[in-house]
Amino acid sequence: MSRNLIIGTALTLLFIALAAVSFIWTPADIESLDIPNKLQTPNAANLLGTDHFGRDILSMVMMGARTSIAVALVAVGIGMSIGIPLGLLAAARHGSLLDEFIMRGNDLVFAFPSLVIAILITAVFGASAVNAIIAIGIFNIPVFARLTRGAALPLWERDFILAARVCGKSATHISIEHILPNITNLMIVQGTIQFSLGILAEAALSYIGLGAQPPTASWGRMLADAQTLVSIAPHTALVPGFAILLMVLGLNLMGDGLRDWLDPRIRVART
Amino acid sequence: MIRYALGRLTSLIISLIVASIVIFAVIEVIPGDPAAFMLGVNARPDTIAALRAEMGLDQTLITRYLDWVTGLLRGDFGQSWTYKTPVSELIADRIWVSLPLAIYALILSTLIAFPAGIYAASRRGGAGDVTIMGATQLGVAIPNFWFAMILVLIFAINLRWFSAGGFPGWDNPFQAMKSLTLPAIALALPQAAILARVMRSSLLDMLGEDFIRTARAKGLSRRQALWKHAVRNALIPVLTIIGLQFSFLLAGGIIIEQIFFLPGLGRLIFQSISARDLIVVESVVMLLVFTVIMVNFLVDLAYAAVDPRLRTKA
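Read top to bottom, the protein sequences are chains W and F. When we follow numbering that gives the first Met the number 0, the leftmost residue of the first sequence carries the number 0, and every step to the right adds one. When we follow numbering that gives the first Met the number 0, the leftmost residue of the second sequence carries the number 0, and every step to the right adds one.
These aren't lab readings, by the way, just hints derived from the structure by calculation. Every residue, glycine too, gets a C-beta built ideally from N, C-alpha and C. There may be inaccurate statements among the hints.
Stated by the list, open to error - If you want the ones that stay clear, here's a sample from chain W, every Cβ over 10 angstroms from chain F, calculated: (1) L4; (2) V20; (3) I34; (4) A43; (5) A69; (6) H93; (7) I101; (8) E156; (9) S169; (10) P180; (11) M186; (12) R258.
Unchecked claim - Per label pair, the in silico range of CB-to-CB distance: (13) G76(W) to G168(F): 43 to 49 angstroms; (14) A9(W) to G74(F): 52 to 58 angstroms; (15) G133(F) to D262(W): 21 to 27 angstroms; (16) Y302(F) to L46(W): 49 to 55 angstroms.
Isolated chain W, as found in the complex (with noise of 0.2 angstroms):
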């Protein structure tokens, strides 16, 4: 295992445990406010200090670690869930007419500029989380759709497919059976890197207050209530912003070391 992917994943699994503890456990209750409280820069009872409210930020981080993951996730998931099936189809009918509408419908997804797409639905149908997975979700798709086909049109061309066909297997048992299988390592790969754009879309949604609403905490609206306090309390700031920055790079990086760990021709060549 490379070093990347030791740390990207270290990195990805800080997070994923911060935010199932979150589930059973935060240092403070972050819907009681403590006013008096207020701003405190890190300390022995906040140990990352506290927002304008006097909650305190470490468990603000845990409980946003929780809503970014869950709609970055899900984002991912419907975009895998669409977008494989479309890409499979589209291989198995290479040349026809159905591929031809799958990928211009694709280039026209990719053609649109996603942000402000998003922001369309959200100010359309109204801001949360729910409409944030959607907007999101909904530019996976093409992802992973021309992603699949051009990984599944090699394999048709594959003996073993042959063979399976002269046995008399329909494409859709083959596309399941035997192409999926040999595209798995490839899209958990790309669904590394998607989930990662995920957590930089939704911190980026309820940034602008088209996100997740409160009282749920995310780390995009943390970000847009420190902005009038930059000055005063910078670390209000600073541990959001971070918190981001370390999740996106964990699994940016899980994903290159990912990418070299499966890829059977690199393991080869390593040992």
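Start from chain W and add chain F according to the hints.
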């Protein structure tokens, strides 16, 4: 080349038509009456009726769509409900902030990424390469709006080199550029990180090519081969990324404009969203989508012009 261009043009037109239908549809599916939605809960029925007539809501869906699209083609973006002025005037005022900001950021991003990518590729595996690649990992992971806040904290609040926000107008070009500098840096750096990585890997691909070996065999030094042959060829994929980045910068500017209180298209969108002025939202979004699709189209053409192999794939 002409066949390729025609093919691309057809898909450009289809993209634009579908985009306009999608944007129109999103606004249409608002639960309930758009006029009531825009005016809020306390609106009087006759005000709603007046707005309905003005928005043409008493006409059929198709008539309204066609009116909107033909209006856009004529440069008539409709009338803003809150500002009581044509949307085209609102856009014309603000585009002179958003467009220069995106171009400024694009130039900065290129100026940072090219030397960094070329240097990293030429010192592959060395300390310089490792440092630059590490920095780009950070650059990709930083949310640009947070980076903007950090820039404000350091350069506006502590060092007082720049103002923390606002835009003085183009009467004084120097001050105008100065007020766009921090926002442009905030936008550019994460993009520069991506661009530097693409530049590096594209250049490394080129350095493995036969024509580089030939150039070296001819007696060119590593450096000469790199600059004379590899960099030029490596620029082709980089061009595409730059095109994509422009649209990203224009759209990404929306958030950065909010942070620096720049009176650009982004602020216009947000003000219109909170005022529920959907006519403005719809038109500005369409304009941004149009620009992005258009830039992608031009990049495709430029790409085909420099790389003949691509033309056959039309």
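Here is what the structure says about each hint:
1. Consistency note on L4(W): stated as away from chain F, and its beta-carbon is indeed over 10 angstroms from all of that chain's, at 14 angstroms minimum.
2. Remark: the non-interface label on V20(W) is consistent with the geometry, its nearest Cβ contact in chain F lying 23 angstroms away (cut-off 10 angstroms).
3. The claim that I34(W) lies off the interface holds: its Cβ sits roughly 24 angstroms from the closest Cβ of chain F, which is beyond the 10 angstroms cut-off.
4. With a minimum CB-CB distance of about 26 angstroms to chain F, A43(W) clears the 10 angstroms threshold, and the non-interface call stands.
5. Separation of A69(W) from chain F is adequate, the least Cβ-Cβ distance of about 18 angstroms exceeding the 10 angstroms criterion.
6. No Cβ of chain F approaches the Cβ of H93(W) within 10 angstroms, the least distance being about 15 angstroms, so the stated non-interface status holds.
7. No beta-carbon of chain F comes within 10 angstroms of the beta-carbon of I101(W); the shortest separation is about 14 angstroms.
8. For E156(W), the requirement that its beta carbon stay farther than 10 angstroms from each beta carbon of chain F is met, with the minimum near 19 angstroms.
9. Against the 10 angstroms criterion, S169(W) stays outside the reach of chain F, whose nearest CB is about 31 angstroms from its own CB.
10. Distance check for P180(W) against chain F: the nearest CB is about 29 angstroms away, which clears 10 angstroms, and the non-interface claim stands.
11. Non-interface call for M186(W) relative to chain F: holds, since the shortest CB-CB distance, roughly 21 angstroms, exceeds 10 angstroms.
12. Its beta-carbon lying about 13 angstroms from the closest one in chain F, R258(W) satisfies the requirement of being farther than 10 angstroms from that chain.
13. A C-beta distance of roughly 47 angstroms is found between G76(W) and G168(F), which places it inside the suggested range of 43 to 49 angstroms.
14. Between A9(W) and G74(F) the beta carbons are some 56 angstroms apart, a value that agrees with the proposed interval 52 to 58 angstroms.
15. Our hint of 21 to 27 angstroms for G133(F) and D262(W) holds, since their Cβ atoms are close to 22 angstroms apart.
16. At roughly 52 angstroms, the beta-carbon separation of Y302(F) and L46(W) lies within the given 49 to 55 angstroms, and the hint holds.
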